[in-house]
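For the record, the sequence lines run as chains A and B. Counting with the numbering used here, you get residues -15 to 129 for the letters of the first sequence. Counting with the numbering used here, you get residues 724 to 1028 for the letters of the second sequence.
Hints are computed from structural coordinates only; laboratory data are not their basis. Be aware that a few hints might be false.
What the hints assert, rightly or not - Computed footprint of chain B on chain A, listed as stretches where at least three residues anywhere in the stretch have a Cβ under 8 Å from a Cβ of chain B:
(1) 44 to 52
(2) 88 to 97
Stated by the list, open to error - As a list, the in silico PhoX-like pairs of lysine-lysine whose alpha-carbon atoms are at most 25 Å apart:
(3) A:Lys33 to B:Lys1016
(4) B:Lys1016 to A:Lys115
(5) B:Lys800 to A:Lys64
(6) A:Lys79 to B:Lys957
(7) B:Lys1016 to A:Lys31
(8) B:Lys800 to A:Lys24
(9) A:Lys42 to B:Lys792
Claimed, not checked - One-sided excerpt, in silico: chain A residues whose CB lies under 7 Å from chain B:
(10) Ala10
(11) Arg13
(12) Ala56
(13) Pro60
(14) Asp61
(15) Phe82
(16) His121
(17) Glu122
(18) Lys125
Cβ atoms here follow ideal geometry from the backbone N, Cα and C, with glycine treated the same way.
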Amino acid sequence: MKRLVAVAMALACGITAVLADTDPIAERRALMKHDGEAAKTLFGMSKGKIPFDLATVKDSLKTLDEGATKSAALFPDNSKTGGGTAALPAIWENKADFDARFAQFVKDVQAAQAGITDEATFKQLAPAVFKNCGSCHELYKAKSG
Amino acid sequence: MKWVAAVLAVVVVAGAALAWALSAPRPRYSAEEWHALGLAGDPAAGRLVFYAGGCESCHKSPGQDDPLKLGGGLELKTPFGSFYPPNISADPVDGIGAWRPVDIANALLSGVSPDGQHFYPAFPYASYQRMTPKDVADLAAFLRTVPPVKGKAPANALPFPFSIRSAVGLWKLLYFDNAGLRPDPSQSEQWNRGRYLVEGPGHCGECHTPRGFLGEMDLKHAFAGAPLPDGHGKAANLRGGDFLNWTDADIVEALTSGFTPGGDVLGAGMTGVVRNMAELPESDRQAIAVYLKSLPPLGPAAAKP
């Protein structure tokens, strides 16, 4: 009996750990928060509010790249509600379009990573990255403020 | 017994006649009155009114990005049913190309169509009625210049009793003040411009002001945030919470690029609002910021930044 309890407890702990590890809503929200911070830095720089710094640009783009690449897979069918998500049901109604927009975002971020070598190329390539934020939020994100 | 029936019949007929009379559409201008204003209409100025009014957010043909392709048909889900904003392109049959400026004026300012029917207030004339006749004339001139688009939007899908269009007349009696907007001489020109844009063409309150049982705006809580009509999420409180930490410059930025001070990018309906506001001169966005920051705080206090 003791052994059974021990096994059950171990299993329960294991399951909890697995669940905690794969809470897609929490995970994508955390990624999006990092994306937001990176975007804020990049945007501030593009507006001249923050001095241009190539290393910071590269770091921020890396954050966006990772965030976008990982987030796309974090919208499974069982993650439509709960956890304070602002994801709209439209995501799952237009999953192909939603995924295509994430792919476009990744593509634009990677083009920026490859092409930005100085302030001039940054100013040239950054707007294409920013454009993705609004294009997706318009259709797929509920809360506006 | 007979006289009871007779009295009842009279009461019913009189009641129906009264309801019919009370609910009759009342356009603000006759053709002569509008003509007497002598407004020629400047399409270049009207282009800015078009963007200030966010017309394309609802009337743009869905599934494409050209803001001047105004075929209508986007579904607007509300607690009262689904509305399909009509084609307002210059097509004379499917759009409004055959409308005279006075027709556009009465639509925007009184919510009345050229054939004398009420529009449902999903068309935000409760806000547009505050627009100046000059802005209306300029907008009408601009709308002549947009390309014609063929095809009509689907009919609204409204359950009974909201399907009774004449009932909108009674709603107007209760909730449509039709008073326009008088400038407040004690405030600056900039403040007045901001208020005009926010309460008139910008129709911010249509989403940011909570609504009562019959969809009327709860003006005691103007701009204090409200659940969005489609049931997903909330329009932000512009008089409380985090918004109180926003500076004028933050508001201008958010209305230009969509970027918020927190690094978010405005989504849902605000994406279209930003797209439109960004077309206005910077001075207009600044005026909006000045007006919004002047509103007395309401609702939860701001968290420390």
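Structure-based check of all given hints:
For the stretch 44 to 52 of chain A, the assignment as covered by chain B is violated, since 0 residues bring a beta-carbon within under 8 Å of that chain's beta-carbons and 3 are needed. With 0 residues bearing a CB less than 8 Å from a CB of chain B, the stretch 88 to 97 of chain A misses the requirement of three and the coverage assertion fails. Only pairs whose Cα atoms come within 25 Å are accepted, and lysine 33 (chain A) paired with lysine 1016 (chain B) is accepted, the gap being roughly 22 Å. Proximity of lysine 1016 (chain B) to lysine 115 (chain A) is assessed by CA-CA distance (about 28 Å); at most 25 Å being required, the pair is judged violated.
For the suggested pair lysine 800 (chain B) and lysine 64 (chain A), the alpha carbons sit about 19 Å apart, so the restraint of at most 25 Å is met. A threshold of 25 Å between alpha carbons decides the hint, and for lysine 79 (chain A) with lysine 957 (chain B) the separation of about 23 Å falls inside it, so the pair holds. Between lysine 1016 (chain B) and lysine 31 (chain A), the direct Cα distance comes to roughly 23 Å. Compliance with the 25 Å bound is thereby established for this hinted pair. A distance of roughly 33 Å separates the Cα atoms of lysine 800 (chain B) and lysine 24 (chain A); the hinted pair therefore is violated under the 25 Å criterion.
In summary, the hint linking lysine 42 (chain A) to lysine 792 (chain B) is not supported, as the alpha carbons are separated by about 39 Å, beyond the 25 Å threshold. For alanine 10 (chain A), the interface hint is violated, since its Cβ never comes within 7 Å of a Cβ in chain B; the closest pair sits about 18 Å apart. Look at arginine 13 (chain A): its Cβ only gets to about 12 Å from chain B, farther than 7 Å, so that hint breaks. Hint status for alanine 56 (chain A): violated, given a least beta-carbon distance of 17 Å to chain B, over 7 Å.
Interface hint at proline 60 (chain A): violated, since its Cβ lies 19 Å from the closest Cβ of chain B, which is beyond the 7 Å cut-off. A cut of 7 Å between beta carbons decides the hint on aspartate 61 (chain A): the least distance to chain B is about 18 Å, and the hint is violated. Because the beta carbon of phenylalanine 82 (chain A) sits about 13 Å from the nearest beta carbon in chain B, more than 7 Å, this interface hint is broken. Taking 7 Å as the C-beta contact cut-off toward chain B, the hint placing histidine 121 (chain A) at the interface holds, the least distance being around 3 Å.
The beta carbon of glutamate 122 (chain A) comes within 3 Å of a beta carbon in chain B, closer than 7 Å, and the hint placing it at the interface holds. Interface restraint check: lysine 125 (chain A) against chain B, minimum CB-CB distance 4 Å, threshold 7 Å, status holds.
Hint compliance for this structure: hints 1, 2, 4, 8, 9, 10, 11, 12, 13, 14, 15 are not met, and every other hint is.
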